[in-house]
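With these hints in hand, go ahead and build the complete structure from the sequences.
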Amino acid sequence: MSQAAQAPPKKAIVVVSFGTSYPETLKLNIESVEKLIHKAFPDYEVRRAFTSRTVIKRLAERDGLQIDNEIQALERLHAEGYQEVYVQPLHIVPGAEYDKIKVLVAHYAHAKEKAFEKIRLGRPLLYSMGQDGHPDDYEIAIKALATQLPEAQPASAVVLMGHGGMHPANAAYAALQLKLEDAGFDNVFIYTVEGYPSLNRIIDKLKQKQVQKVTLMPFLLVAGDHATNDMAGDEEDSAKSQLLAAGFEVDVYLHGLGENSAIQDIYVSHLRSAIVHPPHGHGAHRCGKGHAHSH
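Those letters in the sequence shown? Residues 1 to 295, by UniProt numbering.
Fair warning: there could be bad hints in the mix.
Pairs of lysine-lysine, PhoX-like flavour, derived with a Cα cap of 20 Å [stated by the list, open to error]:
#, residue 1, residue 2
1, Lys114, Lys10
2, Lys179, Lys143
3, Lys11, Lys39
4, Lys27, Lys57
5, Lys57, Lys100
6, Lys112, Lys102
7, Lys240, Lys213
8, Lys102, Lys114
9, Lys57, Lys35
10, Lys39, Lys27
11, Lys240, Lys209
12, Lys10, Lys179
13, Lys35, Lys11
14, Lys100, Lys118
15, Lys179, Lys209
16, Lys240, Lys205
Have a look at the derived ranges for each label pair, beta carbon to beta carbon [as the list claims (entries may be wrong)]:
#, residue 1, residue 2, range
17, Gly233, Ala60, 24 to 30 Å
18, Pro8, Thr54, 34 to 40 Å
19, Gly81, Ala106, 20 to 26 Å
20, His134, Gly184, 20 to 26 Å
21, Glu75, His38, 20 to 26 Å
22, Ala106, Asp136, 43 to 49 Å
23, Ala40, Asp237, 38 to 44 Å
24, Thr54, Glu24, 17 to 23 Å
25, Glu249, Gly184, 19 to 25 Å
Please keep in mind that the hints were generated in silico from the structure rather than gathered at the bench. Cβ coordinates follow ideal geometry from the N, Cα and C atoms, glycine included.
Structure below.
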């Protein structure tokens, strides 16, 4: 047997996020997760990719920093002879940005000419809900979130800001609200910048509950533009300004979820399940009636 045949396969992990152009935020929320992954999987090469072309362009022009997008990252690994690749997204919900990655991984997985012997995709933060023996990602995320919540006080509440959008995965935020209630967090509310639930709906709820003090918190990987401007900005349409105008006292917690070590651990465990228990929530499986479902 030749030496080459005995060489162990080259294995890599690509950590994909939307990205951020705030250097400190990048270090605290994205690099922190990458380092943890590197520590948990020392035999793997760990690479970074961003899906936002705007962020990539801004970093290149402003800082001379070159970051691969998801396509370039996989092409580079292929060119360097990696055989096993695991892609772990740092997205919160399986929305449009996650779909981009899913389509790309499926393209590589099903190509006639195989670029990689093995390529798999991990779950975003919120994916499965405990069906079919899968973990309840929502319950796990709520436990992790609880580590950064202020102590519950009468007449106080926490308002989380998610991104939201047109994608059907926007429904994850409403599901999270129900799961928060199930877990006994009656004073925690979530709204999204670009979808449902809206901030107005939350303001009505806060008034009904006679809340006086609100802590605003981003339910986003990074506390970047959305958190700084849409949530905590001084313009009259920011969440902070709207809550102040509605008569609430407002505290701002300006840290992304990527800074929360319990959330970082979740991404590591989602990656571990992609490596150890494929296809966890992906690929075809049989439902009780014997029909094969493809996810």
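Verification of the supplied hints:
Note on Lys114 and Lys10: the hinted pairing holds, with a Cα-Cα distance of about 15 Å set against a maximum of 20 Å. The straight-line distance between the Cα atoms of Lys179 and Lys143 is roughly 11 Å, inside the 20 Å bound, and the hint therefore holds. At roughly 15 Å between alpha-carbon atoms, Lys11 and Lys39 fall within 20 Å of each other, so this suggested pair holds. This hinted pair checks out: Lys27 and Lys57 have alpha carbons roughly 18 Å apart, not beyond 20 Å.
The straight-line distance between the Cα atoms of Lys57 and Lys100 is roughly 18 Å, inside the 20 Å bound, and the hint therefore holds. Restraint check: the Cα-Cα separation between Lys112 and Lys102 comes to about 18 Å, which is no more than 20 Å; the hinted pair holds. At roughly 12 Å between alpha-carbon atoms, Lys240 and Lys213 fall within 20 Å of each other, so this suggested pair holds. Only pairs whose Cα atoms come within 20 Å are accepted, and Lys102 paired with Lys114 is accepted, the gap being roughly 17 Å.
Using a Cα cut-off of 20 Å, the hinted pair Lys57 and Lys35 is violated, with the two alpha carbons roughly 24 Å apart. For the suggested pair Lys39 and Lys27, the alpha carbons sit about 16 Å apart, so the restraint of at most 20 Å is met. Taking the CA atoms of Lys240 and Lys209, the gap is about 19 Å. The hint holds against a cut of 20 Å. Of the pairs offered as hints, the one joining Lys10 and Lys179 is violated, with about 41 Å between alpha carbons and a cut-off of 20 Å exceeded.
At most 20 Å may separate the alpha-carbon atoms for a hinted pair to count; Lys35 and Lys11 meet this at roughly 17 Å. Using a Cα cut-off of 20 Å, the hinted pair Lys100 and Lys118 holds, with the two alpha carbons roughly 19 Å apart. Pair hint Lys179 plus Lys209 holds up; C-alpha atoms about 19 Å apart against a cutoff of 20 Å. Taking the CA atoms of Lys240 and Lys205, the gap is about 16 Å. The hint holds against a cut of 20 Å.
For Gly233 and Ala60, the hinted distance range of 24 to 30 Å is satisfied, since their beta carbons lie about 27 Å from each other. A C-beta distance of roughly 39 Å is found between Pro8 and Thr54, which places it inside the suggested range of 34 to 40 Å. Separated by about 22 Å at the C-beta atoms, Gly81 and Ala106 satisfy the suggested range of 20 to 26 Å. Roughly 23 Å separates the CB atoms of His134 and Gly184, a value that falls within the hinted 20 to 26 Å.
Range check, Glu75 to His38: Cβ separation about 22 Å, and the 20 to 26 Å hint holds. A beta carbon spacing of about 25 Å between Ala106 and Asp136 contradicts the range 43 to 49 Å that was offered as a hint. In this structure, Ala40 and Asp237 meet the distance hint of 38 to 44 Å, their C-beta atoms being roughly 41 Å apart. As the Cβ distance of Thr54 to Glu24 is approximately 19 Å, the hint placing it in 17 to 23 Å holds.
For Glu249 paired with Gly184, a C-beta distance near 24 Å keeps the hint of 19 to 25 Å intact.
Hint violations for this structure: numbers 9, 12, 22, all remaining hints satisfied.
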